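Novice: Put chain Z on the given structure of chain V with help from the hints.
This is what each chain is made of:
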Amino acid sequence: MAIIEVNTITKRFKTVSALSGVSLAVQKGVVFGFLGPNGAGKTTLIRILAGLITPDEGSFRIAGKGNTMETKQHVGYLAQSPRFYRWLTARELLKLSGNLHGMEARHLDDRIDSLLELCGIANVADRRIGGFSGGMRQRLGIAQAIIHEPDVVFLDEPVSALDPQGRKEVLDLIDSLRESTTVFMSSHILDDVQRVCDEVAIIKDGAIRIHEKTKRLLQLHARPVLIMTFDSHTEAQAASDLCGELGIETTARGETISMLSADYDTNQRKILDFVGSHGLKLKSLMHQEATLEDVFMHHMREEYHD
Amino acid sequence: MIETLPSLVGKEWKESVRTSRLLIWVAVSLFFGILSPLTAYFMPDILSYVGASQNIMISIGTITYHDAMEQYLKNFTQIGTIVIIVVSMGCVAGEKHDGSMQFLLSHPVSRTAILLAKVGALKLTIAIGQLVGMFCMAGYCLYLFPDFPLVPFIFSNLFLFIYFLTFAVITVSFSAMVNKPVLAAVGSLATWLILSVITLSDRVGSFSIARVNDQMMQALEGFPINWKPTLGALIVVVVFSVFGVMVFSRWEPED
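Residue numbers (my numbering), protein chains in the order written: chain V, 1 to 306; chain Z, 1 to 255.
With the rest of the complex left out, here is chain V:
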C-alpha cells in the first residue's frame, strides 16, 4: 500500500503554474528521490505534502489520512534552508518540537540525547542556534524532523549545506531511516540520490516526467559514456567543436570531453582521424558506467529539444 498518494495536484502562484496535475504514489519504507531543475516544483510539492501550503486543485493522503492537522503528526519536515529561533539552543528546539508533537517528557529527553548524538551535534547541544553554521543547522533540522519518529519525513535538499564528510554521515543516517520511516527527499546532488534512493521521480515544469525504481531507471535510460582526455583545454575544445559538426552532443569540462559511447562508436573513425590530422594529444580514452546524472541530463536535454 502506498504511504504517500498524490492525486492530480495543481498549484499556481499568481500567474506562474508551479504544479500542473502532479500524481504520485510512494510505497512505505522506501527512500524516494525527487529530482528536477530549479523552479521545477520540487519545493512546492514538498511544502504541500508537509501541510505548509494548500493545493489549488487535487488532493493527497499520507499514511491513509488527508490534508488535516492530524496528518502532521505522521510527518516530519526539513526546509531547504532551515531557519530556527536564534535565541534557542539545539536541545531546547528539539524539546519544543517534541512538545508540539505531544511527546511524553521522559521519552522525549532520551530521544533528544540520542538524536543529538546521531546527528553529530551533541557537542553543541546547549549552544544557541544563532551561532550555528549552515551544516549544523541542517543536522539540527534533520533531528527535529524525525524527533517524533514520523511515518514519512520530507527532506528538501538535506545535504546541500554539508561538507563531503557531513554529506556521507547524513546520507548514512537517511539510509538507516528506511527501516522505520519513508523518506521523501529532493536533491541536486545526483550521486547522493543514486546512492541512497530506492525510487526516483524527475519533475520538470510542474509535471512528473519519470518515476521509476532507481535500478530500473538506470537500466532503461542510462547509456554508457565515453570520456576523452586531451593535453590542454584548447585541444579538448577543438575536439568538442568537431563533434558538434558531426552532430554529436558533448560536454566539455576542462581538458576532457564526454559523449555517449554509442555516438563515439558510430563516428569513431572520423573523430580519431581529426585528432590525428590536427596533432591533438589524446591522453586517455575511457568508458564510464551510466549514472543517474547522465539519465537526468539526457532527459533534460530531450525536454529542451522537444
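If you're looking for bench data, these hints aren't it; they were derived computationally from the structure. None of the values given here were measured: they were computed from a predicted structure. Every residue gets a Cβ at the ideal spot worked out from N, C-alpha and C, and that includes glycine. Be a bit skeptical, because a hint or two may be false.
[What the hints assert, rightly or not] Computed list of chain V residues with no C-beta within reach of chain Z, every gap over 10 Å:
| id | residue |
| --- | --- |
| 1 | T10 |
| 2 | E70 |
| 3 | N99 |
| 4 | H101 |
| 5 | L118 |
| 6 | G135 |
| 7 | P164 |
| 8 | R167 |
| 9 | E199 |
| 10 | D263 |
[Said to hold, decoys possible] Which residues of chain V face chain Z? A partial, calculated answer using Cβ under 8 Å:
| id | residue |
| --- | --- |
| 11 | L52 |
| 12 | I53 |
| 13 | K72 |
| 14 | Y77 |
| 15 | A79 |
| 16 | S81 |
| 17 | R83 |
| 18 | S97 |
| 19 | L100 |
| 20 | G102 |
| 21 | A105 |
| 22 | R106 |
| 23 | H107 |
| 24 | L108 |
[Claimed, not checked] Which residues of chain Z face chain V? A partial, calculated answer using Cβ under 7 Å:
| id | residue |
| --- | --- |
| 25 | W13 |
| 26 | V26 |
| 27 | H97 |
| 28 | S100 |
| 29 | S106 |
| 30 | K123 |
| 31 | E252 |
Specialist: Just chain Z, lined up with the frame of chain V:
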C-alpha cells in the same frame, strides 16, 4: 489547539526574555514610574532655578499627586505605546520574513494558537513591566504626597493595561497580515493616529481607547467610570484579531 498552547506560550516567553523585549519594557516602565512623581514634585524648584537664571519669577500652584499622575499618564501612554509597537511588530512578520515560521507550521499547531500564544506572552510582558512601573510610581507618590490614594491608583492601572494590550493586539494582528515588521509598525501607528483623532468626534469619540487618561483619572478620584473606551477597545481587539487570524490562515511561505 489547547494542548500545544502552553508550549507555544513558553517559547514566546523565552523569546521575550532572551531578545530583551521584557528588559526594554521593564526599563521604560521603571523610567516613567520613577521620573513622573519626581519631576512633578521638584517642578517648582526646577522652574525657580530656570527663572532665577533669566531674572524672572515663575510661580505655580501647590504640587499634588494629580500632577504626578498627569505626568505618568501623558508620558507612559505615548512613549509606552511606541515601545509596545516596536517590541511586538516583528513577532509574526519577523518569523515569516526570516523563515522560522515554517518550523512552527510544519508541526500540528493551529495558526490561531500561534497568534494566541504571542498575545499571551505579550500580555505577561506588559503586565510585569507595568507592575514594576506602577509600584515605583506608588512608592514615590506615597513618600512625596502622603494623601496619594493607593488602591484607586492600582485600580486605575487596569485601564492602562487594557490600553497597552489593545495596541499589542493591533500590532500582532498587523504583523500577522504583512511580511515585514516595519509594515506592521506603520499599520499600528496609523491606527493609533486614527483612534486619537476619533476622540475629537462628538458621536464616537467617547468610545476611543485614546480616552484612557480620562478613565484613569476617574478611577483615581473615585468618580463613576465611563466604560465606553473599554467597550471600544474590546471591539477594536475583536475586529483586528479576526482579520489577523483570517489573513494569517491564508499565508503561505515563499522563497
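Novice: Is the Cβ of V/R167 farther than 10 Å from every Cβ of chain Z?
Specialist: At about 22 Å from chain Z, V/R167 clears the 10 Å cut-off, so the statement holds.
Novice: How about V/Y77: closest beta carbon in chain Z under 8 Å, or not?
Specialist: Holds: closest Cβ of chain Z sits about 4 Å from V/Y77, inside 8 Å.
Novice: Going by Cβ atoms, does V/E199 stay more than 10 Å from chain Z at every point?
Specialist: Holds: least Cβ distance 23 Å, greater than 10 Å.
Novice: Identify whether the interface hint at V/L108 stands, where standing means a beta carbon of chain Z within less than 8 Å of its own.
Specialist: Because about 11 Å separates V/L108 from the closest Cβ in chain Z, which is outside the 8 Å limit, the hint is violated.
Novice: Holds or violated: V/R83 as interface residue toward chain Z, Cβ cutoff 8 Å?
Specialist: holds (4 Å)
Novice: Taking the least C-beta to C-beta distance, is Z/S100 closer than 7 Å to chain V?
Specialist: Nearest chain V Cβ about 5 Å off; hint holds.
Novice: Does the closest beta carbon of chain Z sit nearer than 8 Å to the beta carbon of V/A105?
Specialist: This hint is violated: V/A105 lies away from chain Z, its Cβ roughly 11 Å from the closest one there, beyond 8 Å.
Novice: Since V/G135 was said not to touch the interface, does its Cβ keep a gap of more than 10 Å from each Cβ of chain Z?
Specialist: holds (17 Å)
Novice: Going by Cβ atoms, does V/P164 stay more than 10 Å from chain Z at every point?
Specialist: At roughly 26 Å from the nearest Cβ of chain Z, V/P164 sits farther out than 10 Å, so the non-interface label holds.
Novice: Quick one: work out the minimum CB distance from V/N99 to chain Z and report holds if it exceeds 10 Å, violated otherwise.
Specialist: violated (4 Å)
Novice: Should the hint that V/A79 touches chain Z count as held when the rule is a Cβ pair under 8 Å?
Specialist: holds (5 Å)
Novice: Quick one, is the V/G102 hint okay against chain Z at 8 Å, beta carbons?
Specialist: With a minimum Cβ separation of about 6 Å from chain Z (threshold 8 Å), the hint on V/G102 holds.
Hint check: violations occur at hints 2, 3, 4, 21, 22, 23, 24, 25, 26, 27 and 30; the rest are consistent with the structure.
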